[in-house]
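Visitor: Chain residues, written in single-letter form:
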Amino acid sequence: MARITLEEVKHVAHLARLEFSQNELESFKDQLDAILEFVAKLEDLDTEGVEPTNHAIEIFNCFREDKVKDSLDIKDVMKNAPQGEEGSFVVPRII
Amino acid sequence: MENLLDLSIGELRRLLDNKEITSQEITRAYLERIKEVDPRIKSYVTVTDDLAMAQAREADERIKRGEIAPLTGIPLGIKDVICTKDVKTTCSSRMLENFFPPYDATVIEKLNSQGAVMLGKLNMDEFAMGSSTENSAFFETRNPWDTERIPGGSSGGSAASVAARLCVASLGSDTGGSIRQPASHCGVVGLKPTYGMVSRFGLVAFASSLDQIGPLARNVEDCAILLEAISGHDERDSTSIPKVSFSRDGVLEKDIKGLKVGFPKEYFIEGLQQEVEEAVKGAINLFESLGAEVKEVSLPHTEYAIATYYIIATAEASSNLSRYDGVKYGFRAKEYENLMDMYKKTRAQGFGPEVKRRIMLGTYCLSAGYYDAFYKKASQVRTLIINDFKNAFKEVDIIAAPVAPTTAFKLGEKVNDPLKMYLSDIFTIPVNLAGIPGLSMPCGFDQKGLPIGIQLMAGHLQEKTLLRTAYNLQEALKLSFKWPEV
Chain E
27 MARITLEEVK
37 HVAHLARLEF
47 SQNELESFKD
57 QLDAILEFVA
67 KLEDLDTEGV
77 EPTNHAIEIF
87 NCFREDKVKD
97 SLDIKDVMKN
107 APQGEEGSFV
117 VPRII
Chain G
16 MENLLDLSIG
26 ELRRLLDNKE
36 ITSQEITRAY
46 LERIKEVDPR
56 IKSYVTVTDD
66 LAMAQAREAD
76 ERIKRGEIAP
86 LTGIPLGIKD
96 VICTKDVKTT
106 CSSRMLENFF
116 PPYDATVIEK
126 LNSQGAVMLG
136 KLNMDEFAMG
146 SSTENSAFFE
156 TRNPWDTERI
166 PGGSSGGSAA
176 SVAARLCVAS
186 LGSDTGGSIR
196 QPASHCGVVG
206 LKPTYGMVSR
216 FGLVAFASSL
226 DQIGPLARNV
236 EDCAILLEAI
246 SGHDERDSTS
256 IPKVSFSRDG
266 VLEKDIKGLK
276 VGFPKEYFIE
286 GLQQEVEEAV
296 KGAINLFESL
306 GAEVKEVSLP
316 HTEYAIATYY
326 IIATAEASSN
336 LSRYDGVKYG
346 FRAKEYENLM
356 DMYKKTRAQG
366 FGPEVKRRIM
376 LGTYCLSAGY
386 YDAFYKKASQ
396 VRTLIINDFK
406 NAFKEVDIIA
416 APVAPTTAFK
426 LGEKVNDPLK
436 MYLSDIFTIP
446 VNLAGIPGLS
456 MPCGFDQKGL
466 PIGIQLMAGH
476 LQEKTLLRTA
486 YNLQEALKLS
496 FKWPEV
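Residue numbers (this note's numbering), protein chains in the order written: chain E, 27 to 121; chain G, 16 to 501.
Read the hints as simulated data drawn from the structure, not as lab findings.
Only a predicted model underlies this, so the values are computations on that prediction, with no experimental measurement involved.
Ideal Cβ positions, reconstructed from N, Cα and C, are used throughout, including at glycine.
Please note that a few of the clues may not be correct.
[What the hints assert, rightly or not] Derived pair list, reagent style DSS-like, types lysine-lysine, alpha-carbon separation capped at 27 Å: (1) G:103 - G:272; (2) G:463 - E:105; (3) G:497 - G:296; (4) E:95 - G:409; (5) G:479 - G:425; (6) E:36 - G:360; (7) G:405 - E:67.
[As the list claims (entries may be wrong)] Derived list of chain E stretches under chain G, where covered just means 3 residues or more per stretch with a C-beta under 8 Å from a C-beta of chain G: (8) 73–82; (9) 100–113.
Could you put together the complete structure from these sequences and hints?
Guide: Put into structure tokens, the structure is as follows:
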């Protein structure tokens, strides 16, 4: 049985802000299905009561003094913007 | 000087300090070789000729003034995933094809403070996602030992450039084997340090709980010099280990008597190329003749590592790569109808197929209703894999194993079968999940003349033991080192 449907692939694509042609959707569905089938082997393992690991090294909250420092120059930062104006990023109208 | 390009960092250091050669001469020789040879290897995305010569001039001034650091005047290559101020940093992606970082990564600041020379930025799988460098949006890098074969990945350019003598040494990054596997396929030494030993500030993020920057070099000594230069705590990376430091004192000590070396039975399995198995086992036997104690160990959850990795790494990637939205920097699609359409078209056109596949898988694993079944489950299995290593390191100091199941495969061989490609990372992934250091070094050649690598692993922050073990093996192997003819 397929682990992922075409509708789910479309939904995930939307969540990920991606878009695909019909052909791409079909091929992604098959590839994701094969990968999900493979990762399903984790279901064989009993992990009841096992603490999940988020970082392999035990680290604790890193606090530092809240000091005022120089930031990057706005002009330097804006150099990479696809579209900018007067120190602001320009995006399509949203309202 | 005919063999100038053959010299390691240590050998160049001596010549530079004795004023027998200048950094400008070395740098010029490398730039000329890049011009001549790199069109066949294609390891560089960007060659920074002018910057390199300026840095070399400055290094020569420093040397004259006696302000010498281990890397002063040494020409290096940098994987194009590490931010370099005002030097294009593409991640081999259309998305960042014209991205000029406004700042340097911490590792670059550290290299600059030593007066190292940067020759350019090295090709890779797009956003470090891949095992062959075929996922570069620009071009495939070739293996210098056989240009019909892949150099490995994702740090394929970093490994190929060292093997082809297109730089003295390089930096790469390793999320699931991306330094060690290409090092193995190209016959060089590559080290993934303990998670948190090297600052990730300025490293373009793929999977933040796994990514780590490390060196690729011609020998263990050079790896140690580079690690010493780039390691250390950085307050700009909150996962950097407090007060961490590495000194290479004692790495070149020729003594591993009493060292305990384990070989995990789960790494010698079906599908392992026979010549790889023989070469790795031969190296392990050498440890015994050097006075080390060799025994079998077990890492019972090894078979679950790939599945665990491809959930955790893609989940983190889907989150990290959401920043590429066509607004602040990077590519933006030319035509779109509204903001949502702009996001989707930008990302659809800016990312390549493997990056999209991983974003899709990661988004799916994190989406409502699936989080517990995938991400949480994988994070729990990760704990089991870490415990495997903790238990093994109660018995041994070093674990020795293959790096990859086979020597370098052919271009195109696995590129259309993502799952098959993922499976080639089986021996390198557990190290990233556990955050421990892993090193790949050459231990022989197969019948086709392709290099075979052995992987050495150690506990958290045990880099000194790891490098000393590697150095002793390197000296005992006495591999009649030959350079690939390119």
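Visitor: It remains to establish, for every hint, whether it holds in the given structure.
Guide: Now the hints, each set against the structure:
Distance hint between residue 103 of chain G and residue 272 of chain G is unfulfilled; the C-alpha atoms sit about 48 Å from each other, more than 27 Å. Pair hint residue 463 of chain G plus residue 105 of chain E does not hold up; C-alpha atoms about 49 Å apart against a cutoff of 27 Å. Of the pairs offered as hints, the one joining residue 497 of chain G and residue 296 of chain G holds, with about 22 Å between alpha carbons and a cut-off of 27 Å not exceeded. For the given pair, residue 95 of chain E sits about 45 Å from residue 409 of chain G by alpha-carbon distance, which is inconsistent with the 27 Å threshold.
Distance restraint check for residue 479 of chain G and residue 425 of chain G: the Cα-Cα separation of roughly 35 Å exceeds the 27 Å cut-off, and the hinted pair is therefore not satisfied. Annotation: proposed proximity of residue 36 of chain E to residue 360 of chain G holds, straight-line Cα distance about 15 Å (limit 27 Å). Between residue 405 of chain G and residue 67 of chain E the CA atoms are separated by roughly 23 Å; this keeps the pair inside 27 Å, and the hint holds. Counting residues of the region 73–82 of chain E whose beta carbon lies closer than 8 Å to any beta carbon of chain G gives 8, which reaches the threshold of three, so the coverage claim holds.
Only residues whose beta carbon comes within less than 8 Å of a beta carbon in chain G count, and the region 100–113 of chain E has 7; three or more means the coverage holds.
Checked against the numbered hints given earlier, the structure breaks hints 1, 2, 4 and 5 and satisfies all the rest.
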